[in-house]
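Student: Taken in sequence, the protein lines are chains A and B.
In terms of numbering that gives the first Met the number 0, the first sequence has 52 at position 53, counting the first letter as 1, and numbering is strictly consecutive.
In terms of numbering that gives the first Met the number 0, the second sequence has 176 at position 177, counting the first letter as 1, and numbering is strictly consecutive.
Hints were generated in silico from the structure; no laboratory data involved.
Be careful, since some hints might not be right.
Once the Cα atoms are required to be at most 20 Å apart in a straight line, the calculated EDC-like pairs of lysine to aspartate or glutamate come out as [what the hints assert, rightly or not]:
| # | chain 1 | residue 1 | chain 2 | residue 2 |
| --- | --- | --- | --- | --- |
| 1 | A | K196 | B | D138 |
| 2 | A | K251 | B | E188 |
| 3 | B | K185 | A | E194 |
| 4 | A | K252 | B | E343 |
| 5 | B | K378 | B | D388 |
| 6 | B | K378 | B | E227 |
| 7 | B | K356 | A | E193 |
| 8 | B | K356 | A | E194 |
| 9 | A | K212 | A | E85 |
| 10 | A | K133 | A | E147 |
| 11 | B | K185 | A | E257 |
| 12 | A | K196 | A | E172 |
| 13 | A | K252 | B | D388 |
| 14 | B | K389 | B | E150 |
| 15 | B | K185 | A | D146 |
| 16 | A | K251 | B | E357 |
| 17 | A | K196 | B | E355 |
| 18 | A | K239 | A | E131 |
| 19 | B | K185 | A | D103 |
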Amino acid sequence: MNVKVTQEIIDSNRRTFIDKVIKGTIGGSLMLMIPMSSKLFGEVLSEEATLKNTINPMNLKANYCFMVDVSACIGCGNCCVADRKENNVPEGQYRTWVERYVIDMMNQIYVDSPNGGEKGYANTPLHETIKEVKEAFFVPKLCNMCDEPSCTQVCPVAATFTTPDGFVLVDKEHCVACGYCIQACPYGVRFINEETKTADKCTWCYHRVRKGKLPACVNACPTGARKFGDLNDPQSEVFKIYHSASRLRVLKKDLGNEPQLYYINLHEEVV
Amino acid sequence: MDAGMLQYVFPNDTHAHWTLMIVIYPYITGVVAGAFIVSALAHVFKVQSLMPVAKFALIFALSWLLFVTAPLLNHLGQPQRALNMLFTPNYVGPSMMAGFGYIYMSYSILLIFEILIIYRYELVLLKERSNGLKKVIYDVLTLWTNDKSIEGRKFDHKVAFVLAAIGIPLASSLHGYVGFIFGAVKTVEWWFTPLMPIIFLLSASVSGIAGMILFYILIKKFTNKVDEIQTDTIKTLVKLLWTFFIFDFLFEMLEIAVHAYGGTQGWHHVSGLLSGPLAWSFWTMQVTTLSIIPFFILGYLSLVKVSRKVLLIVAPIVSLMLLIQVLFMRWNVVIGGQLLAKSERGFATYHPLMFEKEGILVTAIMLIAPIVTLWLLSKIFPLWESPCDKELLH
Chain A
0 MNVKVTQEII
10 DSNRRTFIDK
20 VIKGTIGGSL
30 MLMIPMSSKL
40 FGEVLSEEAT
50 LKNTINPMNL
60 KANYCFMVDV
70 SACIGCGNCC
80 VADRKENNVP
90 EGQYRTWVER
100 YVIDMMNQIY
110 VDSPNGGEKG
120 YANTPLHETI
130 KEVKEAFFVP
140 KLCNMCDEPS
150 CTQVCPVAAT
160 FTTPDGFVLV
170 DKEHCVACGY
180 CIQACPYGVR
190 FINEETKTAD
200 KCTWCYHRVR
210 KGKLPACVNA
220 CPTGARKFGD
230 LNDPQSEVFK
240 IYHSASRLRV
250 LKKDLGNEPQ
260 LYYINLHEEV
270 V
Chain B
0 MDAGMLQYVF
10 PNDTHAHWTL
20 MIVIYPYITG
30 VVAGAFIVSA
40 LAHVFKVQSL
50 MPVAKFALIF
60 ALSWLLFVTA
70 PLLNHLGQPQ
80 RALNMLFTPN
90 YVGPSMMAGF
100 GYIYMSYSIL
110 LIFEILIIYR
120 YELVLLKERS
130 NGLKKVIYDV
140 LTLWTNDKSI
150 EGRKFDHKVA
160 FVLAAIGIPL
170 ASSLHGYVGF
180 IFGAVKTVEW
190 WFTPLMPIIF
200 LLSASVSGIA
210 GMILFYILIK
220 KFTNKVDEIQ
230 TDTIKTLVKL
240 LWTFFIFDFL
250 FEMLEIAVHA
260 YGGTQGWHHV
270 SGLLSGPLAW
280 SFWTMQVTTL
290 SIIPFFILGY
300 LSLVKVSRKV
310 LLIVAPIVSL
320 MLLIQVLFMR
330 WNVVIGGQLL
340 AKSERGFATY
350 HPLMFEKEGI
360 LVTAIMLIAP
370 IVTLWLLSKI
380 FPLWESPCDK
390 ELLH
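Starting from the given sequences, assemble the full structure and let the hints guide the process.
Tutor: Here it is, written out as structure tokens:
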């Protein structure tokens with residue numbers, strides 16, 4: 000009897016265990032597969048303050064830099080949604096966007112960014128001529144905050160300028176909207192804002208950083224693909240990456256603009 | 000470029016930001032600079048055959064000068080802040096665009112003074128014969144002087160000579176500078192060449208001289224004074240036009256040849272532009288129809304003795320062709336450069352509409368306005384050489 004009862008208990012526990020494992024696996028997979036709404040992320044991550052200790056809002060000697068880990072980006076588009084919301088960017092204009100690169104077995108490169116990647120890529124089919132994918136990855140784009148910005152050089156009224164802590168900004172009260180900065184920017188990040196009728200672009204959320212907060216897109220990124228911090232602060236993540244063996248690259252280095260936006264694990268196909 | 004690669008342009012970069020307005024801005028500036036050169040050749044270098052159009056050249060330049068800023072102001076998103084370029088310029092960059100404001104202002108002041116000095120004596124004579132509003136206008140233009148003395152006129156002559164002499168480098172830098180605004184943009188491979196200011200300067204001279212020939216003959220024809228057209232003057236202008244055009248076309252082609260031979264990554268991108276979106280407007284129109292054909296026609300008119308009748312028919316036609324050539328060149332530079340996507344993977348687009356703010360109709364109005372202004376100015380400033388101009392020579 001005792002043996003039989005014990006055996007039943009063991010069997011029951013085994014069944015329960017297997018049942019739980021299977022349910023857990025399915026449930027966990029579903030959690031990963033069903034794209035979460037940006038609202039959900041917004042709420043979860045609105046606690047922010049992860050880097051509050053390391054960003055001193057009054058530190059004008061900080062050397063802020065932005066890093067994008069291409070291998071970590073999943074193309075969810077949360078960063079773009081957060082940016083549009085944070086900065087009231089008009090529809091159809093982009094302060095930041097996410098590009099999808101697909102390389103097929105013939106080494107042909109397909110790049111797209113429908114709606115700036117804002118709606119994610121879960122429902123965006125690949126280009127019809129792609130038969131077999133060799134490699135695919137996502138590349139978030141934003142202002143490169145150049146140390147030698149060509150946009151500020153050409154501005155006729157100095158409405159676009161570099162702050163003492165290295166942010167390139169646009170003063171919409173002074174911009175004449177001639178569009179010269181749009182021509183001069185190598186990265187296509189500038190546009191004439193339809194509503195203000197002045198030049199506009201990503202600011203790395205200067206208004207948030209000066210309050211000790213992270214840029215909205217960094218805050219919204221679920222995978223940590225977007226990183227922001229002070230290169231002068233040994234405790235910051237960007238400092239650690241900068242001084243590690245990580246492969247860092249900037250875009251269009253030959254132009255001499257000295258961007259402060261670094262990419263980790265960036266493929267050479269990316270322009 | 001990999002074959003079959005999907006075209007991709009950055010989402011803010013899908014269309015040209017600088018429109019037809021920025022195509023006609025260097026066009027109008029160019030006509031001003033070119034016309035001034037003709038006047039300077041007469042007033043400074045004493046080219047006698049150009050004397051009959053020396054004054055016309057100045058008024059012609061002025062009528063276009065008045066509209067240089069029109070397309071710019073129409074293009075600006077915040078035109079009410081335009082003067083800030085002069086009052087609070089970006090001197091750290093320094094901004095080439097802000098610099099243009101100063102050169103344009105200086106040149107405008109110089110040209111207006113040059114005109115007032117050269118016309119002073121004639122305006123005093125006209126004032127005596129006018130009354131009413133016209134008398135008031137002449138009073139203001141002569142700064143309320145009635146001086147007709149020989150000493151005064153000799154002094155005018157000296158001042159005009161000095162102003163014209165200063166005007167040559169100033170007019171040249173005015174348009175060379177416009178070329179710099181494009182040539183210094185390192186992000187656009189189609190613009191970024193030290194040859195750009197030179198090409199702009201030479202094409203400016205071409206459009207200015209061509210405009211002078213065309214309107215000299217047209218105005219005389221419409222006013223039934225064909226007999227007054229000086230064959231010598233037309234001949235000299237045609238030779239001048241041919242010379243400037245040879246250098247202009249040579250540099251336009253050299254720029255491409257050097258890039259093509261170098262074969263850099265940038266050239267692969269530009270060659271796609273020239274064989275794609277710009278194929279018709281560049282190769283068919285600018286280079287073949289409106290450069291090679293006028294080159295031979297001008298060569299024929301310059302080297303072979305042609306009858307006055309043929310000259311007066313062919314010279315304005317070839318001038319019109321070159322005026323259009325320069326317009327195509329401006330389009331190909333300004334719009335072409337912007338069609339090169341910064342993603343280096345394809346081209347942006349630009350299709351101007353007839354009735355938009357910076358569209359085709361507004362462009363046409365801005366190109367016709369200087370001609371209407373020329374007609375209005377001719378009511379005040381006699382366009383042609385008057386008997387009193389020659390008095391001082393004797």
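Student: Hints first: check each against the structure and report whether it holds.
Tutor: So, going through the hints one by one against the coordinates:
Distance check on the hinted pair: K196(A) and D138(B) sit about 44 Å apart at the alpha-carbon level, beyond 20 Å; violated. Under the criterion of a C-alpha separation no larger than 20 Å, the hint pairing K251(A) with E188(B) is consistent with the structure, at around 13 Å. A distance of roughly 29 Å separates the Cα atoms of K185(B) and E194(A); the hinted pair therefore is violated under the 20 Å criterion. A hinted pair counts as satisfied when its Cα atoms are at most 20 Å apart, and K252(A) with E343(B) qualifies at roughly 15 Å.
Distance restraint check for K378(B) and D388(B): the Cα-Cα separation of roughly 19 Å lies within the 20 Å cut-off, and the hinted pair is therefore satisfied. Restraint check for K378(B) and E227(B): satisfied, since their Cα atoms lie roughly 19 Å apart, inside the 20 Å limit. Taken as a hint, the K356(B) and E193(A) pair is honoured in the structure, with Cα atoms around 15 Å apart against an allowance of 20 Å. Under the criterion of a C-alpha separation no larger than 20 Å, the hint pairing K356(B) with E194(A) is consistent with the structure, at around 17 Å.
At most 20 Å may separate the alpha-carbon atoms for a hinted pair to count; K212(A) and E85(A) meet this at roughly 13 Å. Restraint check for K133(A) and E147(A): the C-alpha separation of about 37 Å exceeds 20 Å, so the hint is violated. At roughly 14 Å between alpha-carbon atoms, K185(B) and E257(A) fall within 20 Å of each other, so this suggested pair holds. Under the criterion of a C-alpha separation no larger than 20 Å, the hint pairing K196(A) with E172(A) is consistent with the structure, at around 11 Å.
A distance of roughly 62 Å separates the Cα atoms of K252(A) and D388(B); the hinted pair therefore is violated under the 20 Å criterion. The hinted pair formed by K389(B) and E150(B) meets the criterion: a straight-line CA distance of about 16 Å does not exceed 20 Å. Distance restraint check for K185(B) and D146(A): the Cα-Cα separation of roughly 16 Å lies within the 20 Å cut-off, and the hinted pair is therefore satisfied. Restraint check: the Cα-Cα separation between K251(A) and E357(B) comes to about 33 Å, which exceeds 20 Å; the hinted pair is violated.
For the hint linking K196(A) to E355(B), the alpha-carbon distance of about 16 Å falls within 20 Å, and the restraint holds. The hinted pair formed by K239(A) and E131(A) fails the criterion: a straight-line CA distance of about 37 Å is larger than 20 Å. For the hint pairing K185(B) with D103(A), the CA-to-CA distance comes to about 32 Å; that exceeds 20 Å, so the pair is violated.
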